[in-house]
Amino acid sequence: MPYVGTETMRFAPRTVLIGHSMIIIRQATAGLIPSMVAIEKAIYGFVPWDNNAFEVELRHKRRLYLVAQDKENGQVLGFAGLSINDYEADSHVTNIGVLPSFQRQGLGSKLFDILMMVSRKCGMKTMSLEVRRSNIEAQSLYERLGFMKTRLRRHYYVDNGEDAYEMSLVLRGEQENHDGRQINSGI
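Just so you know, the sequence shown maps onto residues 1 to 187 in UniProt numbering.
Because the hints were derived from the structure by calculation, they are not lab data.
Please note that the accuracy of each hint is not assured.
[What the hints assert, rightly or not] When the alpha-carbon atoms are kept at most 35 Å apart in a straight line, the in silico DSBU-like pairs for lysine-lysine are as follows:
(1) Lys41 <-> Lys71
(2) Lys121 <-> Lys149
(3) Lys125 <-> Lys110
(4) Lys41 <-> Lys121
(5) Lys125 <-> Lys71
(6) Lys41 <-> Lys125
(7) Lys61 <-> Lys125
(8) Lys149 <-> Lys41
(9) Lys61 <-> Lys110
(10) Lys110 <-> Lys41
(11) Lys61 <-> Lys41
(12) Lys71 <-> Lys61
(13) Lys110 <-> Lys121
(14) Lys121 <-> Lys61
(15) Lys110 <-> Lys71
(16) Lys149 <-> Lys125
(17) Lys121 <-> Lys71
(18) Lys149 <-> Lys110
(19) Lys61 <-> Lys149
[What the hints assert, rightly or not] Distance ranges between label pairs, derived from CB positions:
(20) Asn73 <-> Asn51: 19 to 25 Å
(21) Ala38 <-> Glu130: 31 to 37 Å
(22) Leu152 <-> Asn73: 39 to 45 Å
(23) Arg26 <-> Leu152: 32 to 38 Å
(24) Lys149 <-> Arg172: 15 to 21 Å
(25) Lys149 <-> Gln75: 15 to 21 Å
(26) Pro13 <-> Asn160: 35 to 41 Å
(27) Lys71 <-> Leu152: 36 to 42 Å
(28) Val56 <-> Glu130: 30 to 36 Å
(29) Tyr157 <-> Ile24: 28 to 34 Å
(30) Gly106 <-> Asn135: 16 to 22 Å
We put the beta carbon where it would ideally sit given N, CA and C, even for glycine.
Model the full assembly from the supplied sequences, consistent with the hints where possible.
This is the structure in C-alpha cells:
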C-alpha cells in the first residue's frame with residue numbers, strides 16, 4: 001500500500017533574490033488571501049478562485065500554498081498552490097500567479113523550483129497541471145521547466161468553455177531541478 005500522508009503541509013520561509021529585489025517565499029495564510037485574489041484579477045481581469053475557494057484549500061492538510069512577498073514593503077508579488085496525491089504519487093499545481101509587472105523576471109520559475117523540491121520531499125514521482133490552450137506564454141514556461149502536454153481537455157474552463165492542456169513532469173532526483181542544475185534543499 002502506498003504511503004498516505006496525513007500531516008499538515010508546512011514550509012519554512014526563505015529569502016531569494018529575484019532581479020534586484022529580495023523576496024520572501026513563505027506559506028500562505030488566510031490573511032493573505034485578498035492579495036492572492038487581487039493577483040488573479042490583475043492577471044485574468046476576473047477572479048477564477050474567490051476568497052472562499054482559497055480558504056478551503058488552505059485548510060486542506062495535503063495542500064501547500066506559497067506566497068512571494070517583497071521583503072522591503074511586504075507586497076505579495078505572486079503565489080503558487082500544490083495538491084499532494086499520495087495514492088498516485090503525483091503533486092498537482094492547483095494555481096500559480098505572478099503580478100504582471102513582475103512576470104518574466106524568474107519569480108514563477110523560482111516558485112516552481114520550490115514546488116518541485118517539496119514534491120520530491122513528499123515522495124512524489126510526477127507533477128501535473130492544467131493550462132489554458134490560449135495561454136502560450138505559460139505553456140512555454142512549463143515546457144522550459146520540463147513539462148510535456150499529455151492531453152487536451154475540451155471545454156475545461158467554466159468561465160468561457162476554453163480547452164485546457166494537461167501537462168505532466170516526471171520528477172528527477174531530489175537534488176536536481178528542471179534543467180539538471182543543483183538546487184538547495186532544506187524545506
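Outcome of the hint check:
1. Lys41 <-> Lys71: holds (23 Å)
2. Lys121 <-> Lys149: Within the cut-off at roughly 24 Å; holds.
3. Lys125 <-> Lys110: holds (20 Å)
4. Lys41 <-> Lys121: holds (32 Å)
5. Lys125 <-> Lys71: holds (33 Å)
6. Lys41 <-> Lys125: holds (33 Å)
7. Lys61 <-> Lys125: Given pair Lys61, Lys125 holds - Cα atoms ~19 Å apart, limit 35 Å.
8. Lys149 <-> Lys41: holds (26 Å)
9. Lys61 <-> Lys110: Holds, at roughly 23 Å.
10. Lys110 <-> Lys41: Given pair Lys110, Lys41 holds - Cα atoms ~22 Å apart, limit 35 Å.
11. Lys61 <-> Lys41: holds (27 Å)
12. Lys71 <-> Lys61: At roughly 27 Å apart (the allowed maximum being 35 Å), Lys61 and Lys71 satisfy the hint.
13. Lys110 <-> Lys121: holds (17 Å)
14. Lys121 <-> Lys61: Given pair Lys121, Lys61 holds - Cα atoms ~16 Å apart, limit 35 Å.
15. Lys110 <-> Lys71: holds (16 Å)
16. Lys149 <-> Lys125: Holds, at roughly 17 Å.
17. Lys121 <-> Lys71: Between Lys121 and Lys71 the Cα gap is close to 26 Å, so the pair holds against 35 Å.
18. Lys149 <-> Lys110: Holds. Lys149 to Lys110 sits at ~21 Å (cutoff 35 Å).
19. Lys61 <-> Lys149: The given pair, whose Cα atoms are some 28 Å apart, holds under the 35 Å limit.
20. Asn73 <-> Asn51: 19 to 25 Å: Cβ of Asn73 to Cβ of Asn51: about 23 Å, so the range 19 to 25 Å holds.
21. Ala38 <-> Glu130: 31 to 37 Å: violated (22 Å)
22. Leu152 <-> Asn73: 39 to 45 Å: holds (41 Å)
23. Arg26 <-> Leu152: 32 to 38 Å: holds (35 Å)
24. Lys149 <-> Arg172: 15 to 21 Å: For Lys149 and Arg172 the Cβ distance comes to about 19 Å; the hint holds.
25. Lys149 <-> Gln75: 15 to 21 Å: violated (34 Å)
26. Pro13 <-> Asn160: 35 to 41 Å: Roughly 37 Å apart at Cβ, these two residues keep to the hinted range, so it holds.
27. Lys71 <-> Leu152: 36 to 42 Å: holds (41 Å)
28. Val56 <-> Glu130: 30 to 36 Å: Hint violated: Cβ distance 19 Å, outside 30 to 36 Å.
29. Tyr157 <-> Ile24: 28 to 34 Å: With a Cβ separation near 32 Å, Tyr157 and Ile24 satisfy 28 to 34 Å, so the hint holds.
30. Gly106 <-> Asn135: 16 to 22 Å: holds (19 Å)
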